[in-house]
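For the record, the sequence lines run as chains V, A, W and G.
Numbers given in our numbering equal positions in the first sequence, counted from 1, plus 89.
Numbers given in our numbering equal positions in the second sequence, counted from 1, plus 89.
Numbers given in our numbering equal positions in the third sequence, counted from 1, plus 89.
Numbers given in our numbering equal positions in the fourth sequence, counted from 1, plus 89.
Hints are computed from structural coordinates only; laboratory data are not their basis.
Careful: at least some of the hints might be erroneous.
The list cannot tell twin chains apart, which means a pair is met if one copy fits it or any two copies do.
What the hints assert, rightly or not - When the alpha-carbon atoms are kept at most 30 Å apart in a straight line, the in silico BS3-like pairs for lysine-lysine are as follows: (1) LYS316 to LYS379; (2) LYS152 to LYS379; (3) LYS152 to LYS316.
Bear in mind the structure is a predicted one, so any value in this text is a computation, not a measurement.
4 protein chains.
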Amino acid sequence: MQLGMIGLGRMGGNMAERIRRAGHEVIGYDVSADSGRDVDNLEALVARLNAPRIVWVMVPSGKPTDDTLSQLGTLLEAGDLIINGGNCRYTDDRRNADSLAADGIQYMDCGVSGGVWGSERGYALMVGGDADAYQRALPIFEALKPEGENGLVHAGPVGGGHFAKMVHNGIEYGMMQAFGEGFATMERSEYIQNTAEVMASWRSGSVVDSWLLDLLVRAMNDDPDLKQVPPVADETGEAKWTIEAAAELGVPTPAISAGLYTRLASRGGADDVLRVVTAMRGQFGGHVTKA
Amino acid sequence: MQLGMIGLGRMGGNMAERIRRAGHEVIGYDVSADSGRDVDNLEALVARLNAPRIVWVMVPSGKPTDDTLSQLGTLLEAGDLIINGGNCRYTDDRRNADSLAADGIQYMDCGVSGGVWGSERGYALMVGGDADAYQRALPIFEALKPEGENGLVHAGPVGGGHFAKMVHNGIEYGMMQAFGEGFATMERSEYIQNTAEVMASWRSGSVVDSWLLDLLVRAMNDDPDLKQVPPVADETGEAKWTIEAAAELGVPTPAISAGLYTRLASRGGADDVLRVVTAMRGQFGGHVTKA
Amino acid sequence: MQLGMIGLGRMGGNMAERIRRAGHEVIGYDVSADSGRDVDNLEALVARLNAPRIVWVMVPSGKPTDDTLSQLGTLLEAGDLIINGGNCRYTDDRRNADSLAADGIQYMDCGVSGGVWGSERGYALMVGGDADAYQRALPIFEALKPEGENGLVHAGPVGGGHFAKMVHNGIEYGMMQAFGEGFATMERSEYIQNTAEVMASWRSGSVVDSWLLDLLVRAMNDDPDLKQVPPVADETGEAKWTIEAAAELGVPTPAISAGLYTRLASRGGADDVLRVVTAMRGQFGGHVTKA
Amino acid sequence: MQLGMIGLGRMGGNMAERIRRAGHEVIGYDVSADSGRDVDNLEALVARLNAPRIVWVMVPSGKPTDDTLSQLGTLLEAGDLIINGGNCRYTDDRRNADSLAADGIQYMDCGVSGGVWGSERGYALMVGGDADAYQRALPIFEALKPEGENGLVHAGPVGGGHFAKMVHNGIEYGMMQAFGEGFATMERSEYIQNTAEVMASWRSGSVVDSWLLDLLVRAMNDDPDLKQVPPVADETGEAKWTIEAAAELGVPTPAISAGLYTRLASRGGADDVLRVVTAMRGQFGGHVTKA
Numbered sequence: 090m091q092l093g094m095i096g097l098g099r100m101g102g103n104m105a106e107r108i109r110r111a112g113h114e115v116i117g118y119d120v121s122a123d124s125g126r127d128v129d130n131l132e133a134l135v136a137r138l139n140a141p142r143i144v145w146v147m148v149p150s151g152k153p154t155d156d157t158l159s160q161l162g163t164l165l166e167a168g169d170l171i172i173n174g175g176n177c178r179y180t181d182d183r184r185n186a187d188s189l190a191a192d193g194i195q196y197m198d199c200g201v202s203g204g205v206w207g208s209e210r211g212y213a214l215m216v217g218g219d220a221d222a223y224q225r226a227l228p229i230f231e232a233l234k235p236e237g238e239n240g241l242v243h244a245g246p247v248g249g250g251h252f253a254k255m256v257h258n259g260i261e262y263g264m265m266q267a268f269g270e271g272f273a274t275m276e277r278s279e280y281i282q283n284t285a286e287v288m289a290s291w292r293s294g295s296v297v298d299s300w301l302l303d304l305l306v307r308a309m310n311d312d313p314d315l316k317q318v319p320p321v322a323d324e325t326g327e328a329k330w331t332i333e334a335a336a337e338l339g340v341p342t343p344a345i346s347a348g349l350y351t352r353l354a355s356r357g358g359a360d361d362v363l364r365v366v367t368a369m370r371g372q373f374g375g376h377v378t379k380a
Numbered sequence: 090m091q092l093g094m095i096g097l098g099r100m101g102g103n104m105a106e107r108i109r110r111a112g113h114e115v116i117g118y119d120v121s122a123d124s125g126r127d128v129d130n131l132e133a134l135v136a137r138l139n140a141p142r143i144v145w146v147m148v149p150s151g152k153p154t155d156d157t158l159s160q161l162g163t164l165l166e167a168g169d170l171i172i173n174g175g176n177c178r179y180t181d182d183r184r185n186a187d188s189l190a191a192d193g194i195q196y197m198d199c200g201v202s203g204g205v206w207g208s209e210r211g212y213a214l215m216v217g218g219d220a221d222a223y224q225r226a227l228p229i230f231e232a233l234k235p236e237g238e239n240g241l242v243h244a245g246p247v248g249g250g251h252f253a254k255m256v257h258n259g260i261e262y263g264m265m266q267a268f269g270e271g272f273a274t275m276e277r278s279e280y281i282q283n284t285a286e287v288m289a290s291w292r293s294g295s296v297v298d299s300w301l302l303d304l305l306v307r308a309m310n311d312d313p314d315l316k317q318v319p320p321v322a323d324e325t326g327e328a329k330w331t332i333e334a335a336a337e338l339g340v341p342t343p344a345i346s347a348g349l350y351t352r353l354a355s356r357g358g359a360d361d362v363l364r365v366v367t368a369m370r371g372q373f374g375g376h377v378t379k380a
Numbered sequence: 090m091q092l093g094m095i096g097l098g099r100m101g102g103n104m105a106e107r108i109r110r111a112g113h114e115v116i117g118y119d120v121s122a123d124s125g126r127d128v129d130n131l132e133a134l135v136a137r138l139n140a141p142r143i144v145w146v147m148v149p150s151g152k153p154t155d156d157t158l159s160q161l162g163t164l165l166e167a168g169d170l171i172i173n174g175g176n177c178r179y180t181d182d183r184r185n186a187d188s189l190a191a192d193g194i195q196y197m198d199c200g201v202s203g204g205v206w207g208s209e210r211g212y213a214l215m216v217g218g219d220a221d222a223y224q225r226a227l228p229i230f231e232a233l234k235p236e237g238e239n240g241l242v243h244a245g246p247v248g249g250g251h252f253a254k255m256v257h258n259g260i261e262y263g264m265m266q267a268f269g270e271g272f273a274t275m276e277r278s279e280y281i282q283n284t285a286e287v288m289a290s291w292r293s294g295s296v297v298d299s300w301l302l303d304l305l306v307r308a309m310n311d312d313p314d315l316k317q318v319p320p321v322a323d324e325t326g327e328a329k330w331t332i333e334a335a336a337e338l339g340v341p342t343p344a345i346s347a348g349l350y351t352r353l354a355s356r357g358g359a360d361d362v363l364r365v366v367t368a369m370r371g372q373f374g375g376h377v378t379k380a
Numbered sequence: 090m091q092l093g094m095i096g097l098g099r100m101g102g103n104m105a106e107r108i109r110r111a112g113h114e115v116i117g118y119d120v121s122a123d124s125g126r127d128v129d130n131l132e133a134l135v136a137r138l139n140a141p142r143i144v145w146v147m148v149p150s151g152k153p154t155d156d157t158l159s160q161l162g163t164l165l166e167a168g169d170l171i172i173n174g175g176n177c178r179y180t181d182d183r184r185n186a187d188s189l190a191a192d193g194i195q196y197m198d199c200g201v202s203g204g205v206w207g208s209e210r211g212y213a214l215m216v217g218g219d220a221d222a223y224q225r226a227l228p229i230f231e232a233l234k235p236e237g238e239n240g241l242v243h244a245g246p247v248g249g250g251h252f253a254k255m256v257h258n259g260i261e262y263g264m265m266q267a268f269g270e271g272f273a274t275m276e277r278s279e280y281i282q283n284t285a286e287v288m289a290s291w292r293s294g295s296v297v298d299s300w301l302l303d304l305l306v307r308a309m310n311d312d313p314d315l316k317q318v319p320p321v322a323d324e325t326g327e328a329k330w331t332i333e334a335a336a337e338l339g340v341p342t343p344a345i346s347a348g349l350y351t352r353l354a355s356r357g358g359a360d361d362v363l364r365v366v367t368a369m370r371g372q373f374g375g376h377v378t379k380a
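Isolated chain V, as found in the complex (with noise of 0.2 Å):
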């Protein structure tokens, strides 16, 4: 089979050596010249390409993606099929389609986990689009996905990828945080001798047994304690859209929402709403708080 693959970088190029492993024909493009790419622009990636073409997009979301999807719709043809593998929210992916399909163009969103890992242990992928697109693009699937019966679904129409893949990752924000949890607890506590010693034996036996908990045995193996990592954390969009959805379909959403908040808080999110505590407190006890 033959498919174009539209961004390069860690998980784009990854992803392309993993489909070329399973014996497919890779048409590769990045903006980045120095990329490996097989072809300079788009349009030379979509004369390369047969008809019925199938061209994957794995850039950022935002403006690179829709930049592409733009340009995609006006070099594609009647009966191509577009698959937006980036980390689009799941709003976009409708409007992404009915503008496409207009031209008779077919398109699917798929959510893909698994990192840096993933070139190795395969992509965990969620599909969204129609069935017969899906069948389509089924031996690209299979290629990425890892080996053994898990790790695919077609999560349901346009848009359902990706969301199946953000609530994914908001049910990563809260196990993260529930771990950070006890790690910070335990670090603290008389009690506990060694935490990353404690942690490590969990991973056997333990209901709390992951692979976040082998991911941070293996960080806390260099850096048990871990002092050389700082002590912020970055957001990526998909808990605060999961919070939203959620809310929005009547569903409560604690857990997902201390991981987010946590992790606002850390990036200076909170300086004002303690401004305010502090600055009543001052009022009307005539605390003085130092920084």
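Dock chains A, W and G against the given chain V, drawing on the hints supplied.
Relative to chain V, chains A, W and G alone:
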């Protein structure tokens, strides 16, 4: 009526003054020689009071209170009454009362709200103890409370005064946090041109009209964006005890917890949580997070 | 001054009355024939007003407001001014303003607080829009607001009025939740003999003194344990929008979220969350959980 | 090696069996006559063991454990060792150890994870106590733990085993809550056609891959929407103790709190909170809320 007041700091000193203005006699003692104390030690205080005595203890919770109560236990006689007005945990009160009861000394606990304004506005008092002890000290409570029908309550048995005050402060944490969240959101929004003006406008006719809002507006008069206030806030135990007591009783307290946790994080309490989150992100996604 | 008021329900009707009491002429319209309306349809309303007109729209958000604005767009003329006082999301206001501006019609949004008490106490108003439009409608705002210096603010550009009101209500959710948590904790504690009395006592001299507390005490006068009140609470959007807006701005809002999430859970929003927890517990621990 | 096992319920019985399979001699006692016990009372158990004895206590926390330890204190001799494997709070362990040390009896606490699967997979063990006691009982720990390098840790001094287990379970609460929130959000979304399939797909290659996910998928095999599971969840203390211990140490634990509070609310813990919210809404807005 005659009263011994132990502890003549910001709270105790103003309270003694207010009681005197109501026509009672107050003999004051403080460990500090330049506190304006009437006597130089506890023995002298007890000697100056006519039996049966009433002694109000207004010293910091923990060791200062414990030591004072312990000494009073040996100096006072059966029939005397101790009122503990410090910020003790309610669980300490029963222990104190039982210990003193062995010598026939009565014990009441009194939660005091009002801060630096109490001298002028009067103090909100929440009292725990027996009905006869409450009646006996009522003239003192009447002197301290604000004018009008509110501001004084016999909350329950020994411990009830501090329990009510603890919950009161827990609520206060939640309210302050809510105001802070609203302020912080408006400060960052392009839709709001002057947050201080918006909040000041709420002092009439709005549902959030409150003394805390009055105090916040007062603080914003000189410093509208509160940039002179450090983005940190200390906690003093009551919210922590409230969420613990509530959890034991099966009551979830997410808003009070939000207030407490935001303050703890501002003092570095979430640093290790964030290190775990960022270490995991580095492992699975190759994300490099900068401080 | 002359004003058209569209929507004569609990809010609009009382507001029209208050404006009239201030000496202005109000022509009222409502879809309901028994609302006491002055005219039977929007065309008649517009015909009765002298150009340049001011029309206040006080109808439910969503379709009713959208339909009304759409019709007014065709009926009104350049130079007329619409004030949208309903509970719209601030993001809708810019769209409305842009659409009407094409026909030269001015648009302002006005958040209104005060509920059923506003008729008597006056309404707290938060206004978004241009300075000249604000000045033009100022006599109406002055008629509606409470006496004194507070209760009215020009919060910012179009959308700012609803943004300020949204945040106001978000804060309100957090405050109500905090009071609820305190009440619930005291109700279950053996240390408190009468929760209603304790909370009533806080109305003087305490830090949590507030209009919400006044209202709660009022509700408890007839029903001290609130057992006549169902243990559920509805949400009406503002807290949801606040936490979304705050998250977009990078501000964590755990206390406001606590208020929202508790209400969502009371309407079954956490049921599936709990099913997952209990299903997992059954799997790993053999725990059998009964409904 | 020889061991006395007190408590032959679901946990203790399976553990005794696993220890025997490793070649050790286990004398079992339980209060229930049809438990398959080897002896009829504690005196007989002690008589059957050769000094210096090792006795593992695996009975419910609270009074059953306290009573058992108290009796063992009189029956055992200097040099004997008690291992408390029940779900005690870590703060009880020091008290127990001190009390038994007066008679020369050693005490260790051991947190045990693994539930009904432990018999087959092995139990994750977290041990608190002195190094020499740990070495002495090591063959028993080795028999119980899973194969491989993990699953057993000497966490710290007396109390450390239960502290580590408590934190472990706290993390577990947070993780379960996060999965629940994700499931609930997808169940209500039109974007997801089959939540169970989506979550099953995450078992390979995804960041949330974990034993808890395996168990959830197992539960969904027979009941994909979990509608047979009641929408309530019980709590068993550990998360409550974790958030208390963390707060004392200055660590905020919003995700673990989220798990606990959601469970408490499902058992009616938020009912009075909601009554307050709804009573206030009725007062200021005239809102009538139906159950």
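To see whether the hints hold, each was checked on the structure:
In this assembly of identical chains, LYS316 and LYS379 lie within 30 Å of each other by CA distance both inside one copy and across copies; the values are 25 Å within and 13 Å between. With identical chains, the CA atoms of LYS152 and LYS379 are at most 30 Å apart between copies only, with a shortest distance of 24 Å across copies and 43 Å within one. For the homomeric pair LYS152 and LYS316, neither the shortest alpha-carbon distance inside one copy (37 Å) nor that between copies (35 Å) is at most 30 Å.
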